[in-house]
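Student: Sequence:
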Amino acid sequence: AAARGAGGPLAGVRVVEVGNFIAGPHCATILGYYGAEVIKVEPPGGDQIRVFRNVDASGTSWWWRSIGRNKKSVVMDLKKPGAQQAVRDLCKGADVLLENFRPGKMESWGLGPAEIEAVNESIVYTRVSGYGQDGPYAPRPGFASACEAMGGFRYVNGFEDRPSVRPNLSMGDTLAGINAALGTTMALFAKQKGNAGAGFQVVDSSIYEAVWGIMEGVLPDYDGAGLVRSPSGSTVTGIVPTNTYPTKDGKAVVIGSNSNALFKRLMNAIGRPDIGDSDQYDDNQKRVEHQEFLDNLIGEWTAALTAQEVLDAV
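Per the working numbering, numbering of the sequence shown is gapless, rising by one per residue and ending at 314.
These are computed hints drawn from the structure, not numbers from a lab. Any given hint could be a false lead.
To be verified - Simulated restraints, written as ranges between beta carbons of each label pair:
id : residue 1 : residue 2 : range
1  : 92        : 225       : 33 to 41 Å
2  : 214       : 66        : 32 to 40 Å
3  : 119       : 217       : 21 to 29 Å
4  : 169       : 260       : 28 to 36 Å
5  : 108       : 217       : 36 to 44 Å
Predicted, not measured: the structure shown is a model, and the values here were computed from it. Just so it is clear, CB atoms sit at the ideal spot from N, CA and C, and this is done for glycine as well.
Turn these sequences into a full structure, and let the hints steer you where they fit.
Tutor: Structure representation (structure tokens):
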């Protein structure tokens with residue numbers, strides 16, 4: 001555990017983490033990486049990540065040793081008034097309170113923003129949920145799988161001729177945790193600068209909004225041109241060449257030569273400088289028109305080599 005006052009840009013910052021699973025705890029883990037002292041309040045039996053997936057000989061999840069690092073844990077049953085008071089007492093000397101329960105749960109325990117501000121007028125109150133603290137979807141459970149769909153990521157991920165797929169990760173949770181950490185540090189910075197209104201601050205990070213935030217040009221393209229981005233398999237719509245190509249040793253390599261200069265270098269590497277020098281392919285828009293030809297050309301080249309030979313060549 002990182003001692004208060006240890007090195008790092010957040011040294012001297014005390015965080016009280018109240019939550020379970022991934023999104024909220026990931027935020028606190030990031031803050032702990034950079035020197036914050038994190039006091040994690042766990043329910044009886046501990047955070048469920050302690051026993052998720054693969055465990056060591058002691059029955060502790062290997063994953064826990066990552067997301068639980070740099071934290072000081074204490075067990076409290078927040079349904080009990082004594083535990084609720086203990087959290088309020090912890091907040092008196094804290095800089096941040098972090099929670100990721102369903103909206104309204106902290107209020108039902110007497111630990112909502114109003115109660116915490118009453119004991120510490122300068123604390124940053126960071127909240128992570130599926131759909132935010134207000135609005136029609138706020139009461140819904142916030143699981144990454146559904147929120148990734150709501151944020152649009154699942155729609156564009158996969159292949160057009162089959163149902164969408166998910167990466168084998170809880171990406172939405174991690175993104176919301178990153179956003180929460182960013183919001184928390186900005187709030188702390190505003191307080192340090194003495195900005196107006198930077199006393200008691202609430203940071204509201206939602207999983208679906210964090211996913212929506214990485215959708216790049218999907219909304220501008222639809223708003224400006226009515227274009228709906230569709231799944232594109234292992235490629236990216238509108239950028240050529242970028243794809244996954246097979247090799248003769250049964251492996252695959254990912255090649256992205258998105259810029260004009262990189263494309264020319266790739267064509268030289270595969271022995272086709274004529275294509276690299278041709279004005280037919282000298283910018284991305286032109287290459288998009290010839291995507292199938294270029295992907296087949298590159299794929300035929302990689303298929304004749306081992307993965308290492310491809311890497312060595314490029």
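Student: None of the hints should be skipped; say for each whether it holds.
Tutor: Comparing the hints with the structure gives:
1. Under the hint 33 to 41 Å, the C-beta atoms of residue 92 and residue 225, about 54 Å apart, miss the expected range.
2. The hint said 32 to 40 Å for the Cβ distance between residue 214 and residue 66, and at roughly 22 Å that hint is violated.
3. A hinted range of 21 to 29 Å is violated for the C-beta pair residue 119 and residue 217, which are about 45 Å apart.
4. Checking the proposed 28 to 36 Å range against residue 169 and residue 260 shows it holds: the Cβ atoms sit about 33 Å from each other.
5. A C-beta distance of roughly 41 Å is found between residue 108 and residue 217, which places it inside the suggested range of 36 to 44 Å.
The earlier numbered hints that this structure contradicts are 1, 2 and 3.
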